[in-house]
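Trainee: Residues per chain, in single letters:
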Amino acid sequence: MTDYNFAYLDEQTKRMIRRAILKGLAIPGYQVPFASREMPMPYGWGTGGVQVSAATLTPDDTFKVIDQGADDTTNAVSIRQFFEKTADVETTTETSEATVIQTRHRIPEEPLSEDQILVYQVPIPEPLRFLEPRETETRKMHALEEYGLMHVKLYEDISRHGHIATAYAYPVKVEGRYVMDPSPIPKFDNPKMEMAAIQLFGAGREQRIYALPPYTKVVSLDFEDHPFDPSKAPHPCGLCGAEHSYLDEVITDDQGGRMFVCSDTDYCEKRRAAGHVGTLTQEAAA
Amino acid sequence: MYVAVKGGERAIENAHAWLAEERRGDVAIAELSVEQIKSQLTIAVNRVMAEGSLYDPDLAALAMKQSRGDLIEAIFLIRAYRTTLPRFGNTRPIETSEMECERRISATYKDLPGGQVLGPTFDYTHRLLDFKLAAEGAPTSAPERKASGDLVPHVAEFLNQEGLIEEAPRDDTTPPDLTREPLELPAERALRLQALARADEGFTLGMAYSTQRGYGRTHAFVGELRIGQVAVEMDIPELGFAIEVGEITVTECETVNQFKGSKSEPPQFTRGYGLVFGQSERKSISMSLVDRALRWEELGEDNVGAPAQDAEFVLYHGDNIQATGFLEHIKLPHYVDFQSELELVRKMRREAGADQMPEAAE
Chain A
25 MTDYNFAYLD EQTKRMIRRA ILKGLAIPGY QVPFASREMP MPYGWGTGGV
75 QVSAATLTPD DTFKVIDQGA DDTTNAVSIR QFFEKTADVE TTTETSEATV
125 IQTRHRIPEE PLSEDQILVY QVPIPEPLRF LEPRETETRK MHALEEYGLM
175 HVKLYEDISR HGHIATAYAY PVKVEGRYVM DPSPIPKFDN PKMEMAAIQL
225 FGAGREQRIY ALPPYTKVVS LDFEDHPFDP SKAPHPCGLC GAEHSYLDEV
275 ITDDQGGRMF VCSDTDYCEK RRAAGHVGTL TQEAAA
Chain B
8 MYVAVKGGER AIENAHAWLA EERRGDVAIA ELSVEQIKSQ LTIAVNRVMA
58 EGSLYDPDLA ALAMKQSRGD LIEAIFLIRA YRTTLPRFGN TRPIETSEME
108 CERRISATYK DLPGGQVLGP TFDYTHRLLD FKLAAEGAPT SAPERKASGD
158 LVPHVAEFLN QEGLIEEAPR DDTTPPDLTR EPLELPAERA LRLQALARAD
208 EGFTLGMAYS TQRGYGRTHA FVGELRIGQV AVEMDIPELG FAIEVGEITV
258 TECETVNQFK GSKSEPPQFT RGYGLVFGQS ERKSISMSLV DRALRWEELG
308 EDNVGAPAQD AEFVLYHGDN IQATGFLEHI KLPHYVDFQS ELELVRKMRR
358 EAGADQMPEA AE
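Protein chains in written order, with my numbering: chain A, 25 to 310; chain B, 8 to 369.
No lab work stands behind these hints: they were computed from the structure. We put the CB at the ideal spot given by N, CA and C, even for glycine. Heads up, a few of these hints could be off.
To be verified - Incomplete in silico selection of chain B near chain A, CB under 10 Å:
1) E16
2) T91
3) D184
4) L192
5) G332
6) I337
To be verified - Listed next, the in silico DSBU-like pairs over lysine-lysine satisfying Cα-Cα at most 30 Å (straight line):
7) A/K177 <-> A/K216
8) A/K197 <-> A/K256
9) A/K216 <-> A/K197
10) A/K177 <-> B/K338
11) B/K354 <-> A/K216
12) B/K117 <-> B/K153
13) B/K72 <-> A/K109
14) B/K354 <-> A/K256
15) B/K267 <-> B/K117
16) A/K164 <-> A/K177
17) B/K354 <-> A/K177
18) B/K338 <-> A/K216
19) A/K197 <-> B/K354
20) A/K109 <-> A/K38
Unchecked claim - Computed spacing ranges between beta-carbons, pair by pair:
21) B/G126 <-> A/Y28: 35 to 43 Å
22) A/E138 <-> B/K338: 30 to 38 Å
23) A/D277 <-> B/L334: 27 to 35 Å
24) A/R163 <-> B/R356: 33 to 41 Å
25) A/L155 <-> B/K338: 25 to 33 Å
26) A/S137 <-> B/P182: 42 to 50 Å
27) B/K267 <-> A/K164: 28 to 36 Å
28) A/S137 <-> B/L246: 56 to 64 Å
29) A/L155 <-> B/L334: 18 to 26 Å
30) B/A145 <-> A/Y28: 44 to 52 Å
31) A/E199 <-> B/N97: 36 to 44 Å
I would like the entire structure built from these sequences, with the hints used as guidance.
Mentor: Written out as structure tokens, the structure is:
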């Protein structure tokens with residue numbers, strides 16, 4: 025790979041992406057079109073996030089990649105290896121050590137700081153897409169701040185199911201202006217989006233970049249009488265006993281046995297190292 | 008007891024090793040060379056070049072070998088390589104009227120200047136398996152004749168002399184490039200043609216076929232289909248003139264479409280256009296049908312709501328690299344999303360009194 029530029033993309037392309045990122049930061053929640061490149065991994069597998077990371081990384085950065093909250097899921101491994109090879113940056117699995125974190129579907133449990141950047145991989149950047157398939161229409165709707173359709177959808181959910189039936193990619197409103205897709209994170213993670221770190225969202229196939237500057241106001245859409253509820257599985261982590269982390273459900277046998285463990289592997293490991301135990305670790309020790 | 012999965016890295020390495028072994032196949036059988044692929048699977052090589060948007064038969068053949076014959080995977084390899092290449096400049100537009108035709112047919116005239124030249128076509132073969140090919144056959148040769156060297160005029164020009172077909176004035180504005188600019192709508196014709204030239208052959212075929220069956224019918228005749236070599240020329244600033252940097256084979260199709268006229272246009276024939284790298288007849292004919300269907304607005308035709316009339320639909324869904332990536336990404340882990348759905352469905356079932364949630368095993 026010696027023939028490739030630092031972080032794979034050529035400097036011209038990186039500059040084009042950085043301009044899109046800066047524009048995104050200047051207009052929080054607005055989807056900036058950018059000339060996404062073909063990357064050596066498939067569209068839909070994080071090419072937007074990879075391009076944003078490539079344009080963001082410097083040789084001094086420490087890079088972390090998570091998928092479903094874990095550093096060791098196959099695609100996270102693949103993307104981390106890609107940047108180890110093409111950018112030769114330090115990599116880490118520790119949330120607090122990383123300066124740039126690329127993520128798919130989760131926000132780390134540990135609060136991020138002002139010197140960190142969180143890069144999201146986004147499959148469908150348009151929050152209105154499943155209400156209106158046409159890009160020409162949805163861009164108009166954003167321009168006119170015409171979000172009635174979204175509220176009608178949420179209202180219909182409530183009238184049909186008693187509550188809003190969206191569990192992930194739960195739409196948010198940014199600084200009272202743009203309705204934004206937070207990428208398919210569980211709604212449990214939505215409140216974390218008001219954070220100290222810069223958040224960048226890259227959608228490669230759809231050729232869009234959007235961003236949230238630090239401490240941007242991000243409100244999950246709801247109604248006064250049906251307030252947003254960032255629920256999760258009503259269990260503690262079986263390994264570290266955490267009560268307030270997002271959990272994966274793991275099937276343990278074919279008899280309906282299951283256990284719940286932190287989806288954020290670094291968070292769980294750190295807690296266990298600090299002596300926290302869950303019901304399963306207690307059992308194993310006994 | 009569940010142990011956190013820590014095998015991602017090794018699993019990937021092993022999968023790659025297995026893939027390499029499978030690609031090579033039975034080692035008792037001679038390895039396929041890139042040269043063999045290039046010279047004997049040319050139609051597939053052409054498709055990889057066309058949809059990969061890179062005219063390089065050697066690289067296309069290499070990509071096919073590497074992808075075990077999965078053409079979309081090969082196209083992907085070419086695209087990913089292409090995007091890293093520096094751009095020295097732009098060539099002049101190729102002149103298909105100066106093409107050295109290997110094949111040139113018209114379905115609208117029985118005979119015409121330049122003649123009907125069948126060339127190496129499957130068209131009139133009987134589709135019977137040739138078991139002789141399973142054995143090693145002696146090389147075959149075709150009878151030869153000296154090329155006349157005369158230019159072969161475009162069929163549409165004959166109609167144009169009578170004013171029966173819409174004008175297609177020369178336009179030297181630099182066309183947009185969707186590999187360098189994000190696709191934005193409405194897309195002008197040049198951009199649509201670029202997207203179609205790179206689009207998946209199967210998708211384009213399906214779209215074109217749908218217009219023939221009535222979904223946005225445009226009554227197309229193949230005015231002309233020509234395949235052959237054209238020179239690629241580039242202006243060299245230091246020299247002050249253009250030099251030929253190479254030759255490429257392209258397939259060009261121009262359809263002649265019935266048109267009853269509209270408020271803005273008189274009754275006349277209209278054109279659909281297809282141009283594809285290599286010998287790619289099916290693709291170029293499909294492309295010209297879809298191109299014509301997409302022109303409903305400029306010609307003042309009705310939008311009957313047919314998929315092939317819908318530029319946004321066609322342009323956003325024709326790229327097989329985008330499509331296959333997104334389609335196949337659902338193989339990636341989604342347990343976080345699935346978990347949140349699981350909780351939601353359980354909650355909704357509880358509220359509906361549908362079932363009793365089984366307790367987690369502890």
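Trainee: Does each hint hold? Answer for all of them.
Mentor: Against the structure, the hints:
Of the supplied interface hints, the one on B/E16 holds, with its beta-carbon coming within about 5 Å of a beta-carbon of chain A, less than 10 Å. At a threshold of 10 Å, the smallest CB-CB gap from B/T91 to chain A is about 7 Å, leaving the interface hint in force. The interface hint given for B/D184 is met, as the beta carbon of that residue sits about 9 Å from the closest beta carbon of chain A, less than 10 Å. Here the hint on B/L192 is kept, as its CB sits about 5 Å from the closest CB of chain A, short of 10 Å.
The interface hint given for B/G332 is met, as the beta carbon of that residue sits about 3 Å from the closest beta carbon of chain A, less than 10 Å. This hint holds: B/I337 has a C-beta 8 Å from the nearest C-beta of chain A, less than the 10 Å allowed. Taking the CA atoms of A/K177 and A/K216, the gap is about 24 Å. The hint holds against a cut of 30 Å. Distance hint between A/K197 and A/K256 is fulfilled; the C-alpha atoms sit about 22 Å from each other, no more than 30 Å.
The hinted pair formed by A/K216 and A/K197 meets the criterion: a straight-line CA distance of about 14 Å does not exceed 30 Å. For the hint pairing A/K177 with B/K338, the CA-to-CA distance comes to about 29 Å; that is within 30 Å, so the pair holds. The suggested pairing of B/K354 with A/K216 holds, with an alpha-carbon distance near 23 Å, which does not exceed 30 Å. The straight-line distance between the Cα atoms of B/K117 and B/K153 is roughly 23 Å, inside the 30 Å bound, and the hint therefore holds.
A hinted pair counts as satisfied when its Cα atoms are at most 30 Å apart, and B/K72 with A/K109 qualifies at roughly 24 Å. With a CA separation close to 11 Å, the supplied pair B/K354 and A/K256 stays within the 30 Å bound. This hinted pair checks out: B/K267 and B/K117 have alpha carbons roughly 24 Å apart, not beyond 30 Å. At roughly 18 Å between alpha-carbon atoms, A/K164 and A/K177 fall within 30 Å of each other, so this suggested pair holds.
Distance check on the hinted pair: B/K354 and A/K177 sit about 20 Å apart at the alpha-carbon level, within 30 Å; holds. Between B/K338 and A/K216, the direct Cα distance comes to roughly 28 Å. Compliance with the 30 Å bound is thereby established for this hinted pair. Distance restraint check for A/K197 and B/K354: the Cα-Cα separation of roughly 26 Å lies within the 30 Å cut-off, and the hinted pair is therefore satisfied. The suggested pairing of A/K109 with A/K38 holds, with an alpha-carbon distance near 18 Å, which does not exceed 30 Å.
A hinted range of 35 to 43 Å for the beta carbons of B/G126 and A/Y28 is consistent with their spacing of about 42 Å. Distance hint check for A/E138 and B/K338: the Cβ-Cβ separation is about 37 Å, which falls inside the suggested range of 30 to 38 Å. A hinted range of 27 to 35 Å holds for the C-beta pair A/D277 and B/L334, which are about 33 Å apart. The beta-carbon spacing between A/R163 and B/R356, approximately 38 Å, falls within the hinted interval of 33 to 41 Å.
Restraint check, A/L155 to B/K338: a C-beta distance of roughly 27 Å satisfies the suggested window 25 to 33 Å. Look at A/S137 against B/P182: about 47 Å separates their beta carbons, and that is inside 42 to 50 Å. Take B/K267 and A/K164: their Cβ atoms lie about 33 Å apart, and the range 28 to 36 Å holds. Between A/S137 and B/L246 the CB atoms are about 58 Å apart, so this pair conforms to the stated range of 56 to 64 Å.
In this structure the hint that A/L155 and B/L334 lie 18 to 26 Å apart at CB holds, the actual value being about 22 Å. At roughly 47 Å, the beta carbons of B/A145 and A/Y28 sit within the given window of 44 to 52 Å. Checked against the hint of 36 to 44 Å, the pair A/E199 and B/N97 passes, with Cβ atoms roughly 43 Å apart.
Comparing the model with each numbered hint stated earlier shows that all of them hold.
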